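*Asks:* All chains, full assembly: derive it from the sequences and hints.
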Amino acid sequence: MSEELHDVRLVVNGTTHHTQVPARRLLSDALRHDLALTGTHVGCEHGVCGACTVLVDGKPMRSCLIFAVSAIDTEITTVEGLTEPDGSLGPVQQAFAECHGLQCGFCTPGFLTTITAGLAENPCPTHDEARDMIAGNLCRCTGYQNIVKAVERAAVLIEERTS
Amino acid sequence: MKPAPFAYRRPDTLQQALADLAGEPDAKVLAGGQSLVPLLSMRLAAPALLVDINGLPGLAEIVVTDAGVRVGALARHADVLSSSEARRVQPLLAMALQHVAHATIRNRGTTVGSIVHADAAAEMPVVLTLLGGSVDVESTAGPRTIPAEELFLGPLESSLRPDEIALSAYFPALPEGAGVAFDEIARRHGDYALCGVAALVRLEGDRVVEARAGYVSVNELPTVLDLTADLAGVVDEASLAASAETAVAQLEPDGDIHATPEYRAQLVRVLTSRVLRAAYEDACERNAR
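Quick mapping for you: the protein sequence lines, in order, are chains A and B. The opening position of the first sequence corresponds to residue 1 in the UniProt record's numbering, with each subsequent residue numbered one higher. The opening position of the second sequence corresponds to residue 1 in the UniProt record's numbering, with each subsequent residue numbered one higher.
It is worth saying that the hints were derived from the structure and are not from the lab. Remember, it's a predicted structure, so these values are computed and weren't measured experimentally. C-beta atoms are modelled at their ideal positions from N, C-alpha and C, and glycine is treated no differently. Misleading hints may appear alongside valid ones.
Below, computed lysine-lysine pairings styled on DSS-like, alpha-carbon distance capped at 27 angstroms [unchecked claim]:
| id | chain 1 | residue 1 | chain 2 | residue 2 |
| --- | --- | --- | --- | --- |
| 1 | B | Lys2 | A | Lys149 |
| 2 | A | Lys149 | A | Lys59 |
| 3 | B | Lys2 | B | Lys28 |
| 4 | A | Lys59 | B | Lys28 |
If you want the ones that stay clear, here's a sample from chain A, every Cβ over 10 angstroms from chain B, calculated [what the hints assert, rightly or not]:
| id | residue |
| --- | --- |
| 5 | Ala23 |
| 6 | Ser70 |
| 7 | Gly90 |
| 8 | Thr114 |
| 9 | Arg153 |
*Replies:* Structure representation (C-alpha cells):
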C-alpha cells in the first residue's frame, strides 16, 4: 500500500507553493526536498541544535519539529527570505560577514532567522540579551563570541537602514 | 530520524476531532508537537493516526479571572508567558515558563500539551500539581475534569484515555497571603533541569501556615511535599536547612546518566532552601503592599 499524500499549500518567503507530501514529511524536509529551498539546514532533527530554525508568522520555530501538513495557514520565512529585495545581504547576514560570525556555515541559517526575529522584538539588546537571544542555537566552530558581536552589529545596521 | 508512516486528520470542529479519535484506538493528538515530533522521529512512538487540533477554533484562549487562569489547548508557552493578566493572578506561571526549553520551542509548544505529555522532567506538570490545578478533557462520551493529583500515573503516562482530548488546564490564583518562587539547575540554559523546585509559602500575619514545594526531574512523577512543619516556627537558615533535609529524606532522588542520586540529593537540598526562602520573601513583599 502506498503512503497517502496530502495536498499542502505553503507560503514561503512570500511565494505560494503547492505540493503533495506524506503526513510525516517534516517542514524542514518539505522546504529542502519538495521546494528546493536548501538554505534551511538539518542538524540534529530533534529540536536541540537550532540549525533548521525558520520564521513561522514571524516567530522562530524549529522546522524539524513541525509537519509540513500542519504548517498550512502560516507564512514561513527561511534564510533565503532574509536578503534585501535587490538580492544584497540583509542586515543580519551583513553583520555575520563583517564580524566573522561563521566558519563552516552549517548552523548559520538557524542563527540568522533566530536573530532576525530577536531583533524585531528587541531592537537594542544588551550584551546579555544578545547572548540570550542565541541560547537555543548550537555552533561548533566559532565559540559564539563573533556571533554575539554580529547580533550587536546587526542591531546597528538595522537602525542605520531604517533611519 | 524520520517518523514511521501514519494517517493524518486535521478536523475543523471538536466533534469531528473526537469522532476521529474514537474511531482509531492507536491515535495521538498533535498540538505544538515539540515533545511528540521528536518521539515520532526517533520512532519511540509510532501511532496509526495523528489528529492535528491546530485547526480547531477557540482553543488558543487564555481566560484570566480573579479565581485563576484557564489556558486553552492551543495556547503556546510564549502566549502564556507574555500574558500580564496571567502573571498578575498566578505569578508562578511566568516564573516557571521562562525555564521551559528555549524561546524557539516556547513559540510552538503548548502548555496543555506539555502537561498531558506527563514528563517528570518538565516544569508545568509540577506547577499544576503544586497549585492544585486541573485539566478539562473531552471524548465522544462527554467531558470530565481531572485534578492534577490524579493526572500523572508514570513516566510519560497520564490518566487521559486514548480517545480524550485535553481542552484546557486550570491554574488557581495565588491565595491571599501567599508567595511563590521557581528555580532550577540545568547543564545548559534551556536544557532539561537536573533538578527544579517550585514553591508556595502562605503567611497569616508573620507566621507560615503553608509551605509546599514541587520537584522537577527528581522522581518518576511530579512530586509535591508539604514542608509546613519545618517552617511553622521561624524562617531562618536553620529551619530552611531542616526543610531541605526533610525533602531529601522523603524524595530519595533518582540517579541517571546526568546526575548520581547523591548529586541530585544535593541539588534538592540547595534548591529547596533557596526556593522556599524566595517564596517566603515573595509572600512578605506581597503582604507588605
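*Asks:* State for each hint whether it applies.
*Replies:* Against the structure, the hints:
1. B:Lys2 - A:Lys149: violated, 36 angstroms
2. A:Lys149 - A:Lys59: holds, 22 angstroms
3. B:Lys2 - B:Lys28: Between Lys2 (chain B) and Lys28 (chain B) the Cα gap is close to 17 angstroms, so the pair holds against 27 angstroms.
4. A:Lys59 - B:Lys28: holds, 26 angstroms
5. Ala23: violated, 3 angstroms
6. Ser70: violated, 5 angstroms
7. Gly90: holds, 19 angstroms
8. Thr114: violated, 7 angstroms
9. Arg153: It holds; Arg153 (chain A) is separated from chain B by about 21 angstroms at its closest Cβ, greater than 10 angstroms.
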